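Build out the structure end to end from the sequences listed, making use of the hints.
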Amino acid sequence: MFVPLSYNVRSLLVRRATTLATAVGIALVVFVLASALMLAEGVEKTMGSAGRPEIAIVVRKGSTAEMGSSVEEHEVGLVKSMPGVKKVNGEPIGVGEVVVVASMEKLGANGITNVSIRGTSDASASFRPNVKVLEGRLPTPGADEAMVGMRISGRIKGLALGERFDIKKNRPVAIVGVFSDDGSAHESEVWLSADIVKSSFGREGAVSSVRVELESLASFEVFQAAVEKDKRLGLTAMRETDYFEKQSEGMSMFIRILGSIVAVCFAIGAMIGAAITMYASIAHRKREIGILRALGFSRLGILASFLFESVLLALFGGVMGAAAAFGMGAVEFSMLNMSSWSEMVFRFVLTPKILVTSLVASVAMGLLGGLLPAIRAARTSPLTAMRG
Amino acid sequence: MNEVSPAGEPLIRLRGITKEYTRGGETLRVLENLDLDVARGSFEALMGPSGSGKSTLLNLLAGLDAPTQGTVEVDGKRIDQMSEGKLASWRSNHVGFVFQSYNLLPVLTAVENVELPLLLTPVASSERRKRAETALRVVGLTDRMGHYPRQLSGGQEQRVAIARAIVNDPLLIVADEPTGDLDRASADDILRLLETLNRDLGKTIVIVTHDPAAAERARITHHLDKGKLRA
Numbered sequence: 001m002f003v004p005l006s007y008n009v010r011s012l013l014v015r016r017a018t019t020l021a022t023a024v025g026i027a028l029v030v031f032v033l034a035s036a037l038m039l040a041e042g043v044e045k046t047m048g049s050a051g052r053p054e055i056a057i058v059v060r061k062g063s064t065a066e067m068g069s070s071v072e073e074h075e076v077g078l079v080k081s082m083p084g085v086k087k088v089n090g091e092p093i094g095v096g097e098v099v100v101v102a103s104m105e106k107l108g109a110n111g112i113t114n115v116s117i118r119g120t121s122d123a124s125a126s127f128r129p130n131v132k133v134l135e136g137r138l139p140t141p142g143a144d145e146a147m148v149g150m151r152i153s154g155r156i157k158g159l160a161l162g163e164r165f166d167i168k169k170n171r172p173v174a175i176v177g178v179f180s181d182d183g184s185a186h187e188s189e190v191w192l193s194a195d196i197v198k199s200s201f202g203r204e205g206a207v208s209s210v211r212v213e214l215e216s217l218a219s220f221e222v223f224q225a226a227v228e229k230d231k232r233l234g235l236t237a238m239r240e241t242d243y244f245e246k247q248s249e250g251m252s253m254f255i256r257i258l259g260s261i262v263a264v265c266f267a268i269g270a271m272i273g274a275a276i277t278m279y280a281s282i283a284h285r286k287r288e289i290g291i292l293r294a295l296g297f298s299r300l301g302i303l304a305s306f307l308f309e310s311v312l313l314a315l316f317g318g319v320m321g322a323a324a325a326f327g328m329g330a331v332e333f334s335m336l337n338m339s340s341w342s343e344m345v346f347r348f349v350l351t352p353k354i355l356v357t358s359l360v361a362s363v364a365m366g367l368l369g370g371l372l373p374a375i376r377a378a379r380t381s382p383l384t385a386m387r388g
Numbered sequence: 001m002n003e004v005s006p007a008g009e010p011l012i013r014l015r016g017i018t019k020e021y022t023r024g025g026e027t028l029r030v031l032e033n034l035d036l037d038v039a040r041g042s043f044e045a046l047m048g049p050s051g052s053g054k055s056t057l058l059n060l061l062a063g064l065d066a067p068t069q070g071t072v073e074v075d076g077k078r079i080d081q082m083s084e085g086k087l088a089s090w091r092s093n094h095v096g097f098v099f100q101s102y103n104l105l106p107v108l109t110a111v112e113n114v115e116l117p118l119l120l121t122p123v124a125s126s127e128r129r130k131r132a133e134t135a136l137r138v139v140g141l142t143d144r145m146g147h148y149p150r151q152l153s154g155g156q157e158q159r160v161a162i163a164r165a166i167v168n169d170p171l172l173i174v175a176d177e178p179t180g181d182l183d184r185a186s187a188d189d190i191l192r193l194l195e196t197l198n199r200d201l202g203k204t205i206v207i208v209t210h211d212p213a214a215a216e217r218a219r220i221t222h223h224l225d226k227g228k229l230r231a
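Residue numbers (our numbering), protein chains in the order written: chain A, 1 to 388; chain B, 1 to 231.
Keep in mind the hints are simulated off the structure, nothing from the lab.
Only a predicted model underlies this, so the values are computations on that prediction, with no experimental measurement involved.
Using N, Cα and C, we set each Cβ at its ideal position, and we do this for glycine too.
Warning: the hint list may mix true and false statements.
Which bits of chain A does chain B cover? Going by a derived footprint, with three or more residues having C-beta under 8 Å, they are [as the list claims (entries may be wrong)]:
| id | stretch |
| --- | --- |
| 1 | 294 to 304 |
| 2 | 375 to 386 |
For each label pair, taking beta carbons as the anchor points, the in silico distance ranges come out as [stated by the list, open to error]:
| id | chain 1 | residue 1 | chain 2 | residue 2 | range |
| --- | --- | --- | --- | --- | --- |
| 3 | A | Arg16 | B | Gly146 | 15 to 25 Å |
| 4 | A | Ala324 | B | Asp75 | 54 to 64 Å |
| 5 | A | Glu249 | B | Lys86 | 55 to 65 Å |
| 6 | A | Leu20 | B | Arg29 | 48 to 58 Å |
| 7 | B | Lys86 | A | Leu13 | 29 to 39 Å |
| 8 | A | Arg16 | B | Thr18 | 45 to 55 Å |
| 9 | A | Ala17 | B | Asp169 | 23 to 33 Å |
| 10 | A | Ile261 | B | Arg29 | 51 to 61 Å |
| 11 | A | Val262 | B | Gly146 | 39 to 49 Å |
| 12 | B | Thr142 | A | Leu13 | 22 to 32 Å |
| 13 | B | Thr196 | A | Leu368 | 48 to 58 Å |
And the structure:
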């Protein structure tokens, strides 16, 4: 039979200071782990939500991102005319866009960062149904006007509504609108007329990518085969969702691995902390354990009791760490997107899976940190109770 | 007072008991070829100078330790041959312990401390609480059930310890210096209580004591010296 759980709970409460100190150590580990997982989730969500499965993106063969791709302007029409592309009133639905990065000054932090600038066509906004103008208006086609994604607005000098930035020397562009796109990576971009981008960056005669809307999800294979078999083009087609998944996987994996390494290092420290606390507690309660043994509680019962106490302590820390990580949900984090080398803003996204992972990690720390002290407790002789 | 055990089958029968400890490579013989019978329903005291082996003897007959040589039989069972797990289970069913320093768990209330031995039995939780309350009533602590040990006097703590010792209706109660930490008045109360348990409830009690007043309450007193029973 097992020692009553109230014994463990109250023993932890009696030693409030050491219990709290150990729990804070574990909370820190859980916070780091959960934050890293939340950021990786945020990266995947931000990049992933930019894509829709019924959209296909076409880039130059060998290019892994829009920025490194170049599609001749005359090829845009050819791509749009391929089988599988949805037509409305006989017109294929698709856009050719040019993507460049420009160095701009960060606000609130010293330094320069890269910002993605998307040269759009008249159809770009309507092509993406989630795009909403939050403030101001859409830029006038052909005018030196731009709109900025909500996440990056106000973070970069000149990129707030009513401000101007120089797209090239002595060519100011006015910010006339701020837009959202359901949390996607586009919210970290500046959109303006493709013609202005091309002329400003010497990209005349070409775009970076062509996006088309497919007749159905099943039409992709037909479209892809048609694009990739056409020897004149030298282009490759992907579903937009796959494209963004590839863009985000390296970055999210990097964050996950880095976060996990940091968390594991911290966890070793926290487990040692938990073990020291439990060792000290057991040394202090040697006689109590002896009494339990004398009364007839088995070694296994004592082992389970002290393991439970250690797990409870760790779980308390885990809940504190998870609560702190939950607070990170309100934080936005700006970092360089390694696929486009441009500034991108991410959110920390907490999911039930991350919550469970964090709490399981804290339980594991409690079990591992508490095992050796619990074994020591179980080895206590019942004669200890008799010694004065 | 030093009497011969009453006639009849003894509850405890120790034969040829030798107990040795090895410390720092040196073997220390604490008990040597000792025989002892304790009759059922008896109240017996073990006295002797420090280091005479009386606590070791108590530990052996309570199943807390095993002899180096010899046999320990309690109620017809050879407890010296039991595995550690079986012995723990046997103790929980057949022995009640009273210690010099009371040895209550400080984070549990009086009634929870008394309930502890019952957790090792199949008794239902509501019945456990009833029995613990009854045991506390027997020792006169009905009004202290929800108190923690730190809220009780030494005498009251020892009464709780006695309630814990009797709650599972054991064959045998062993007490190691039960009055050692108490003032005279509290010590007398505790001794009266043990006497009542022996006389009215028929409990077999073996105590280790330095206190002649405590030994006088016992029906039989055994004197130990250098690991041997003095005739």
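Hint check:
no.: 1; hint: 294 to 304; in the structure: holds (count 6)
no.: 2; hint: 375 to 386; in the structure: holds (count 4)
no.: 3; hint: Arg16(A) - Gly146(B): 15 to 25 Å; in the structure: holds, 22 Å
no.: 4; hint: Ala324(A) - Asp75(B): 54 to 64 Å; in the structure: holds, 59 Å
no.: 5; hint: Glu249(A) - Lys86(B): 55 to 65 Å; in the structure: holds, 59 Å
no.: 6; hint: Leu20(A) - Arg29(B): 48 to 58 Å; in the structure: holds, 50 Å
no.: 7; hint: Lys86(B) - Leu13(A): 29 to 39 Å; in the structure: holds, 35 Å
no.: 8; hint: Arg16(A) - Thr18(B): 45 to 55 Å; in the structure: holds, 49 Å
no.: 9; hint: Ala17(A) - Asp169(B): 23 to 33 Å; in the structure: violated, 42 Å
no.: 10; hint: Ile261(A) - Arg29(B): 51 to 61 Å; in the structure: holds, 59 Å
no.: 11; hint: Val262(A) - Gly146(B): 39 to 49 Å; in the structure: holds, 48 Å
no.: 12; hint: Thr142(B) - Leu13(A): 22 to 32 Å; in the structure: holds, 27 Å
no.: 13; hint: Thr196(B) - Leu368(A): 48 to 58 Å; in the structure: holds, 51 Å
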